[in-house]
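Use these hints to put chain B onto chain A, whose structure you have.
Listed below are the residues making up each chain.
Protein chains: 2
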Amino acid sequence: MHGEREVVVLRLGHRPGRDDRMTTHIGLTARALGADRVLFVGDANQSARTVRDITDRFGGPFSAEVIEAYRPLIRDWEGSVVHLTMYGERVEDVEGEIRTAHAEEPLLIVVGSEKVPFEVYEHADWNVGVTNQPHSEVAALAVFLDRLFEGRELDREWEDADREVIPKAVGKRVVEAESGPPDDAPGDATPDSTDE
Amino acid sequence: MHGEREVVVLRLGHRPGRDDRMTTHIGLTARALGADRVLFVGDANQSARTVRDITDRFGGPFSAEVIEAYRPLIRDWEGSVVHLTMYGERVEDVEGEIRTAHAEEPLLIVVGSEKVPFEVYEHADWNVGVTNQPHSEVAALAVFLDRLFEGRELDREWEDADREVIPKAVGKRVVEAESGPPDDAPGDATPDSTDE
Numbered sequence: 001m002h003g004e005r006e007v008v009v010l011r012l013g014h015r016p017g018r019d020d021r022m023t024t025h026i027g028l029t030a031r032a033l034g035a036d037r038v039l040f041v042g043d044a045n046q047s048a049r050t051v052r053d054i055t056d057r058f059g060g061p062f063s064a065e066v067i068e069a070y071r072p073l074i075r076d077w078e079g080s081v082v083h084l085t086m087y088g089e090r091v092e093d094v095e096g097e098i099r100t101a102h103a104e105e106p107l108l109i110v111v112g113s114e115k116v117p118f119e120v121y122e123h124a125d126w127n128v129g130v131t132n133q134p135h136s137e138v139a140a141l142a143v144f145l146d147r148l149f150e151g152r153e154l155d156r157e158w159e160d161a162d163r164e165v166i167p168k169a170v171g172k173r174v175v176e177a178e179s180g181p182p183d184d185a186p187g188d189a190t191p192d193s194t195d196e
Numbered sequence: 001m002h003g004e005r006e007v008v009v010l011r012l013g014h015r016p017g018r019d020d021r022m023t024t025h026i027g028l029t030a031r032a033l034g035a036d037r038v039l040f041v042g043d044a045n046q047s048a049r050t051v052r053d054i055t056d057r058f059g060g061p062f063s064a065e066v067i068e069a070y071r072p073l074i075r076d077w078e079g080s081v082v083h084l085t086m087y088g089e090r091v092e093d094v095e096g097e098i099r100t101a102h103a104e105e106p107l108l109i110v111v112g113s114e115k116v117p118f119e120v121y122e123h124a125d126w127n128v129g130v131t132n133q134p135h136s137e138v139a140a141l142a143v144f145l146d147r148l149f150e151g152r153e154l155d156r157e158w159e160d161a162d163r164e165v166i167p168k169a170v171g172k173r174v175v176e177a178e179s180g181p182p183d184d185a186p187g188d189a190t191p192d193s194t195d196e
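These protein sequence lines map, in sequence, to chains A and B. In case it helps, the numbering used here puts the first sequence at residues 1 to 196. In case it helps, the numbering used here puts the second sequence at residues 1 to 196.
Some hints could be false.
Given that identical chains are not distinguished, each listed pair holds provided it fits within a single copy or across any two copies.
To be verified - Here are the simulated SDA-like pairs of lysine to any residue, each with C-alpha atoms no more than 25 Å apart in a straight line: (1) Lys168 - Glu122; (2) Lys115 - Val94; (3) Lys168 - Thr100; (4) Lys168 - Trp77; (5) Lys168 - Arg71.
Everything labelled a hint here was simulated from the structure, so no lab data went into it.
Next up, chain A with everything else stripped away, as it sits in the complex (with noise of 0.2 Å):
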């Protein structure tokens, strides 16, 4: 976010059409808790451009980004690497140690999938589990970064944007931001999700 180091995920093991929107919601829950950038390995180019065609639409700054080998990236990051899985330590244990780190330097958030190798949990600075129970990917880098951001993430403000949402008690309502009419729509002309 701005003012503070850059927070960086790493998407491991996408596999091209089962993973598709694993994929797209991790870089969509990147870009909306305050991470800077999302990073994708493989063939994932579709959910690439619905990451960027949110920002787009939403604001940002972020990016997607397409690489297509991870380890160079581990090895040479200049800054704290955290491991989400559900082996590691307790989030709960090890956040105050992470934000301090991050006060200080860039982290990169690397978010496995079914098979990481063992190499990563050596790479590490931080395995972090948010629970030790088998869930979700996209769960714990959400909860994760709420935690690390202290919920700072909330109140981001967003860059060219084309449309805003303003929150409301009951219904929808999305405007042209900064400029435009508001757009009042009861219904449900918008997902709330995005689907590819």
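Below, chain B without anything else, positioned relative to chain A:
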């Protein structure tokens, strides 16, 4: 969770095949982060089976059920209803009120998908946005539960588990719950996330 009012997650809009993984991840996130039950609407038997299988192995109490009709459930719910939607009020503004309500009565959390009927917005006591950005219903549910329980869900104890993951700085350690020898396996023996 034990000693608290019941928290039930209702997942609307499941499309068989297409949504199986998202629906499963919602169920597993509900379980891991402190809810007591998840209800899926329609043909979501595969997701319910996966969630029950994880509960059998990693412990409970937690139940996953498939229901036919959600309208009577929302209408007749004896407690508060929260609907998670990117169009809703900001979670940071309403979470205190919701915690106060949950101290007194059960809480139903409705998690939608693409199109949620307007009557759900009207019946909800709170429509809540975990950010007003498009991202992921799994991420929204995760952050909401972590904030609802203020982290208490991370200390939850599990009953009747076959196995237990022991937090570890590097690698993986899974033991038989309560008895049996440890199975210390630094490698990729067990999936980090569940995949059906």
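Taking the hints in turn, this is what the structure says about them:
no. : hint            : in the structure
1   : Lys168 - Glu122 : between (46 Å within a copy, 12 Å between copies)
2   : Lys115 - Val94  : within (23 Å within a copy, 39 Å between copies)
3   : Lys168 - Thr100 : between (36 Å within a copy, 21 Å between copies)
4   : Lys168 - Trp77  : between (41 Å within a copy, 23 Å between copies)
5   : Lys168 - Arg71  : between (44 Å within a copy, 22 Å between copies)
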